[in-house]
Amino acid sequence: MRELIKNPNVDWMGLKRGFILVSLVLLVLGGASAVTRGFNLGIDFAGGTLVTVKFKDTPPSEDRVRQALGRQGIDPSKIIIQPISDPISGATNEVLIRLPQREPGQKVGSSGGSDLDAEKRAILEALSTFNPPSDVATKVDLNLISRDRLRDVLLAEDPLRLVSSSGRAAAELEYTRYAEAIIQFRDRDRGGLVRDLADVRSVPGVPTALLQWLPQRFFAGNAAMISAEIVGPQIGQELRQRAISVTLASLFGMLIYIAFRFEWVYGVAAVIAVFHDVLITLGIFSLVQKEISLNVVAALLTLVGYSVNDTIVVFDRIRENVRLRRREGLRTIINDSINQTLSRTILTSGLTLLAVISLYLFGGEVLSGFSLALLVGIIVGTYSSVAVASPVMLWWHMWRSQRQAKRPVVRPKAAEAVPPGRKERRVTASR
Amino acid sequence: MSRKLRNRFLGIGGVTVISLYLLFGPFQLRDASGRITAQAIAANFTWGRLTKNLAENIKLGLDLRGGSHLILQVQTDDAVRSITAGNMEKARAILQQAGIKFTNIASPALGRIEIDLEESGQIEDAKARITLDFGPGWTARTEGKRLIFEMKDEEQRDIRERATEQAMRIIEQRINAFGVAEPTIARHGPATGYQILLQLPGVDDPERVKNLIRAESRLELKLVHSGPHPSEEAARQAVGGTVPPDKEILPARERRRDPNAPPVQYYVVEKTPVITGDDLRNAQAVPAQAGGSVYEILFSLRPSGAERFYTATSANIGKNLAIILNDEIKSAPVIRDAIRDEGRIEGDFTKEEAEDLALTLRSGALPARVSYLEERTVGPSLGADSIRQGFAASIAGLAAIVIFMLFYYRLSGVNAVIGLILNLILLLAAMRIVGAVLTLPGIAGVALTIGMAVDANVLIFERIREELRNGKVPASAVALGFERAFTTIFDTNLTTIIAALFLFVFGTGPIRGFAVTLTAGLIANFFTAIFVSRALFAWVLERQGGRPAELSI
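Just so you know, the protein sequences line up as chains A and B, in that order. Residues in the first sequence are numbered consecutively from 1, following this note's numbering. Residues in the second sequence are numbered consecutively from 1001, following this note's numbering.
Hints were generated in silico from the structure; no laboratory data involved. Keep in mind that a hint or two might mislead.
Said to hold, decoys possible - Straight-line Cα separation of at most 30 Å, DSS-like style, residue types lysine-lysine; simulated pairs:
id, chain 1, residue 1, chain 2, residue 2
1, B, Lys1090, B, Lys1247
2, A, Lys139, B, Lys1472
3, A, Lys78, A, Lys290
4, B, Lys1351, A, Lys78
5, A, Lys6, B, Lys1247
6, B, Lys1210, B, Lys1127
Here the structure is a predicted model, which is why all the values come from computation and not from measurement.
Okay, chain B solo, but in the shape it has when bound:
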């Protein structure tokens, strides 16, 4: 064998060995006592060990290993609405502070605040004061006595974007705490769709995950104005029939500990909370002081919140403070002392409830509600069926092609078959390197690659035959065949890779898996069809003395 050819084969062998190691490794060379023995090496090559390694090296997609796939959408309108409402309250406070009288303040649409002043004389003053507070994200204009503020589009977009990013972080925290192995949490779809993709391998019941995400734990501590009242009506009477704008009525549900209390009681509370969940530093589930299997939640505050909490509690000793979770009063203890930074939420929580609550309190409330757009769950048994079917289809396809190639091209068919098998090995090794997941359409991609990969061989072989027919000797026919077929192979493979790129952009999960296997297969094809196949031909020609009269093709 010539030196050049030997080097070529060494290169091909090296690539093959590395690929095989990537697929079936790692191997252990040492036995239990740490010595390198032949037996320890041989133990690597049992069917069980090899398939186990292969299964670990090639990651399976959700559709094959089972799991849940969710697409959710952040209702970013909520975030815009809540900021509008917050600004409306601020505007009200600013006007009251400045002594500017107004008849009405309302938000008739998303991101729009309308204020009707009593006199138009102060309107410019009011506009200036509020604009200063609202900042550059809002536009202001006047219509007679009416002052109109509107949120700019880019500000709205910013708010929506932030809400989505924040929601994603919070969901990520919650999913991680839930203990899902290798979850995928990513933005999905168009940028203005505010969608999030969740892929949770091994989760057979998306319900609990959804509950955990949905769980909106909004903690608020508000001063109690009056209560408890037996009914909502009684509560309303306590404040003179109509609820003033700075107060609100909230329910407190029955606590199992007190059998004599009515099932639901009502309190009138201040609308502005003393502190909210944003001020929380930590929250944890602890067994209740009362004992038993009841749990409660202990929380501590950040310094800024603690300061406010201290001021409020020291000024209101003897009054009740409502601890409100998701608009429901959990307890309304009397403030006995000024408290600085700790509090507790009592309620007949089970351990799991208390832990979930503490978790959602720690990670903060979602800035907006989420709705579910898509939910897919695949059980592992269906995944196993798919693997079996995909594998059978690939093997059948491969077998049919191999038989045909051997029949039609005879010895040169062997050349093509070696290339095909090497192509498969390289394809899988490439997937291992880029960390791509194998999906069911991905397996289809493998089967299809076999069909397309053989195209390159066919192109070359047909060309060689043509040159032979034109009277060339085998050696130059082979050389010409490879040379002339090269551009065609390059162009055809590249167009298919371009199509696969578009597929990758279009699809998620399974379809991306298909695009990746197709691309990897076609790239491997360049190597096997041109380099490997040519080396094999060169070897065959060399063995026959370099200038054989015939070629088995």
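Chain A on its own, in the form it takes in the complex:
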């Protein structure tokens, strides 16, 4: 039998002052950072525009991107540019560009747009300045064109003379198919960006004549926009409120469930511990100024489930031991229960951490916030089952027995004397 820890015998409840100190320090640090520096809210909550741009080679320097965007009427100081690298291939030719929510009334781009997607168009225009001006002036960028637009250009230019030979409707149908095939080739076979039109010499299902004609009207630009997300101010505000209310609601749901399965005290203690975990995780996000996206909130909600899960394992053992060892004090029972479940606690957290770490390492940019929240949350959540939930339970019992000691005792030490069974749950036990 391989064992992690042999017969642990730690007086956990004796450490509770130390635990409070650690928790308090973390909470105060996070709280102070949240108050002074605030949170780095992602566009899901703050609104704004976020695009992923893929370049043929190494992206132009941040300054050049900033300047190009500045010429489109976007305040260069507010642009966030973040290079991203593929965690598997190590390629670094993608860049995230984030623009903040526009001030009301502010116009953006050469056409003075005020639509939701004005920034997106401005970025597209800025990207075209990274291509040779002679190409841009006379040709269309195959890397920035959409399927429908390509179809329209093909139909208008009619390189295969389909309109005159077989009529407009038939030509439209044919060109739609060709445009679809060419775009699919670009997006699936070439990862969203063709290096050179010479690359597009053979696309299945497209006549060679058309492909050979392409360079007359098209060029392969240096950059492609492979994703664009735009969130207006209203959505951001709604989501902020919803994220908070759903998190609180889920905590309440946990409280009810545990109160139903165990006792009120257990529920309250578990929920205090989870609340502590969520606050510390948020505090750490504020400290390192990591972006809080929708996915991070999803991770926080998962964490609520996970942390309660961890607490329940300990509580379950406490409940069982209380039933078996009626004469012993609660403090000893809690200590023993933690010790008995300790190797399980460490193992499960460790194994879940392994899964989360691989997500953090290989999951790419989109999942990095998500996995960081879980990484922090699982560590804090494991700690809090021992260091927060259990002491809260103990304090409550100590406080109650003190109160009962002052008054004439009707039912001495109800909880310890007659512990609630799984089925014969005793409502009176906690009163």
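Based on these hints, arrange chain B on the given structure of chain A.
Leaving out everything else, chain B in the frame of chain A:
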């Protein structure tokens, strides 16, 4: 093997086979000639066929397959405003008909109409007449000579709700006609937000969809009072300097066919249309009678509209009738004959323009404008990257856990690993059954499920070890371990499922995908960790004669 155990394994095998078939099926047993041959069966099990089937069975979310996601909001104020304006016109007509004189009629706020009468004597009469027409959705009160009507809150809510539902239907028609495969069109957000969610897989340019939705095709046919005039000012002079309340001036843009006409001309027209787009029965794009590549739109009317159209045209033969699309006069032909139910909109439309217009005319105008709150487009190349990364992360996580379990629990680790892999298969099969989509956070959910699923095994194994340490023989240690760990596993899995339910309520698209995979994984976990794992232990114990002295754990 005992009979009971054999039945258990048969059950487990059955579930596994069904799950695998759900994921990698359907299989073809017959060859081209329709005979069942071994070769035809073997042909199903090539890597290409299996992955192709898997890709078809597990639907990918927008973030993985690429597409556009839009959230739009119906500006329901428009609908309330237009109903208020309509009622104001009706009130004006009622008062005129009844011969009640008024100095002013106005709508100073949304859902509020104020009428200033000349004398207060007729105010109760006016109030009664108008209230009868407005119906129970309005309240009426008087302040001296002023009559105030206000729309009730619940009436406003009804109007807004109807406008949103109507907008959703119209958008759905237009999207379907546009030819997007498997679009999602649904209400979104709080009920009073009047938001609509559009998910359009494979659409790489949301612009055209937005144009199609935005395209507001309001057709109105109005009698021409005078015109054409070269300028707006000239038009105003034609009606004596100020436009009377029942008339209005509308522009008519240049038609490329007539090179001598000024670019924009103006007509004075009656404000009340003879017929509107609501009276349309059908509209279609047809090649213009003049020939060439020009198209025009042929429309026909519903019986009620046709009746009104007939009355109006027969009474106004020789006059001009303006055909107005979106407040712009497209043509103003002379009425030569009484027309009953057909007309045509001429204009230098291309085929595509004419078809889009006909489509928007057919589906009717949106009852209110829409504004866009959120727009996300993911290209298929980014989606492919995400799949690759998510897959790599899951495999790495799984590998790390498998290695650890085998190292730490030795033979019992094999038991856990079998459970884990079965858990994954069941999870994916469950997603196929409920038709859930796999998103990037969903893949993260899979990776996370692997970590959480192993928790159940750890709980049981640690418990078994504890019992062994307490001196129990393996057989009873296993039995006790499973029995005692059961409640804990039940409670822990259920709390996580509760959290996932809240996630499902909170999120859209990708996050829902995460909630679904997490829940499916945890439910599958009950089966694998308790039932399958226990059967495997029972088998191991039985093989060693039922009462072995040691257990590899």
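query: For which of the previously enumerated hints does the structure constitute a violation, in increasing order of number?
result: Hints 2, 4, 5 and 6 not satisfied by this model.
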